[in-house]
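Undergrad: Taken in order, these protein sequences are the chains called A and B. All residue numbers for the first sequence refer to the working numbering, where the first residue is 1 and numbers rise by one. All residue numbers for the second sequence refer to the working numbering, where the first residue is 1001 and numbers rise by one.
Just so you know, the hints here were simulated from the structure itself, not pulled from any lab data. Please read all numbers here as calculations on a predicted model, not as lab measurements. All C-beta atoms in this analysis are idealised placements derived from N, C-alpha and C, irrespective of residue type, glycine included. One or more of the hints may lead you astray.
Claimed, not checked - Covered stretches of chain B, as calculated for chain A (at least 3 residues, CB under 8 Å):
| id | segment |
| --- | --- |
| 1 | 1072-1086 |
| 2 | 1101-1113 |
| 3 | 1118-1128 |
| 4 | 1156-1170 |
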Amino acid sequence: MLDHLVFLIGEAFVALRRNRMLSFAAVSTVAVSLYLLGGLGYVYLRVSAFAERIPGQFDMRVFLKEGVTFDQIRSTARRIRSVDGVADARHIPREIAWRKMREQMPKETEGLENPLPDAFKVTLSDLGKADSVRAAIQRIETVEPNGIVYDEAARQYLDQGLRFLRWLGGTLGGLLLVTAGVLIYNAIQLTVVARARELRIMRLVGATGFTVGTPFVIEGALQGLFGGALANVLVWMSHTHLQQRLASLQATADLGPYPVAMGFAAFCGAGAIYGAVCSLLSLRRAMRQTT
Amino acid sequence: MDLPPPSSGRPLVVFDRVEVKYSETVALDGVSFEVQKGEFVFFVGRTGAGKSTILKVISREVQHTGGRALLDGRELGEVRPREVPHLRRQMGIVPQDFALLPSKRVWENVAYAMRAIGASSREVRRKVPEILERVSIGHRADAFPHQLSGGEQQRVAIARALINNPLLLLADEPTGNLDPEHSIEIMELLAQLNVRGTTVLVASHDMLVVERMDKRVIRLESGRIVEAEEEAGLA
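Bound conformation, chain A alone (with noise of 0.2 Å):
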């Protein structure tokens, strides 16, 4: 079995190297794909990251009705964070927001009473819920009628931004992942094709479907594997590239380290799958044919 399995992966090899041309065809397709896709990917993940983040620095400002009581604050407190699309919701004290406003503005505070209400900042899990999140606060009963306040245009601008980035990510995802799917494909087909002969000889001495099979799965894993680690490379080079842009650009932006072992192990395995996968494939229609 062991000696048998030698045979079959080293068939793989000498398919991979006699075959240089469609291997390195194939290789390469890999890497273009997954390096687009993945890079894609890549951006992807730091701008959802980046967007989930973007939530949490808008807020907007609940203002109290005047005189509520602690225990009212507190229970208001509690209200708005069970509110859909309310990351946090922290109180702030009339007294701190005067003290505050005393020391940006001393002359124009001075020998006035406190005027401020007790607030809560709100801030938000979900840009698209804003809307609803501001009715459902404006209906308890602590807070000031029409004391919501937030910038809505801005944050029209930045929800809608933010979906077309999604939008584009999973299109253009999507679009590229059935791309590479076919090249790689057509890359196995051509091995497959150029190879005729020794599937015939197999057939013919009477290897089963198996053995057969086997190396071109095999040689299909390979060539997405090697795909997949070019195209952990060619990111890896595009984020250090763009890492070394932004800081001379002084930019504020940061990239954050590139997971070199863990782009290497997702590369490779996502490559090594999608290749044997395709064999499989395009190995269904040719053995069709040389039965």
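Guided by the hints, dock chain B onto chain A, whose structure is given.
TA: Just chain B now, with coordinates in the frame of chain A:
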């Protein structure tokens, strides 16, 4: 499915009103014959007469659409697809175009086929020289196919067909690509294998070679048997 030794009584191949139809074309139309173990039979006829189709039905490359086709008593239509490789290991198949791997040496071509059916490397080392000697090509073991004559290439193809020690050898136009001298050489080799007990079925349109061999001949035309001569010794 193991084929029995030549001495047992049942016919090895039975075709009973066998039909093979492709969508519009009729390749075999009610073909009936029997082949006993140890026989040497030629199927002759023009291109498209159906002689290759008979061999393909036996090797299950083609499935018959009517009648009964039995190999050692087993209906070939009932052989399941996953059993086909095991069926083929009971026979040797020699294709017209030799089907040799150009990048492999003579011994590697035979070894490759043995490895493909699961033979260990030790078995390969032991058996390949023996098989090559059997078909008198051992002296060219290290040559590549393009360095061989047509007759030598056909010997390698026959050697490859012998790796399973088959009791049935199917040869489709084995002399189709050879000059008369090499054709006779190959036929004599097949006759030698037949003398050692292998049942040999040959599809050929080379009447000169067929007449010279003086074996049983089944003549086909448009998918039908038009003449069936007995071998001189069996008649």
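Undergrad: Are the hints correct? Go through all of them and say.
TA: Verification of the hints:
1. 1072-1086: holds (count 5)
2. 1101-1113: The restraint on the segment 1101-1113 of chain B holds, since 4 of its residues have a Cβ under 8 Å from chain A and three suffice.
3. 1118-1128: holds (count 3)
4. 1156-1170: holds (count 4)
Violated hints: none; the structure is consistent with every hint.
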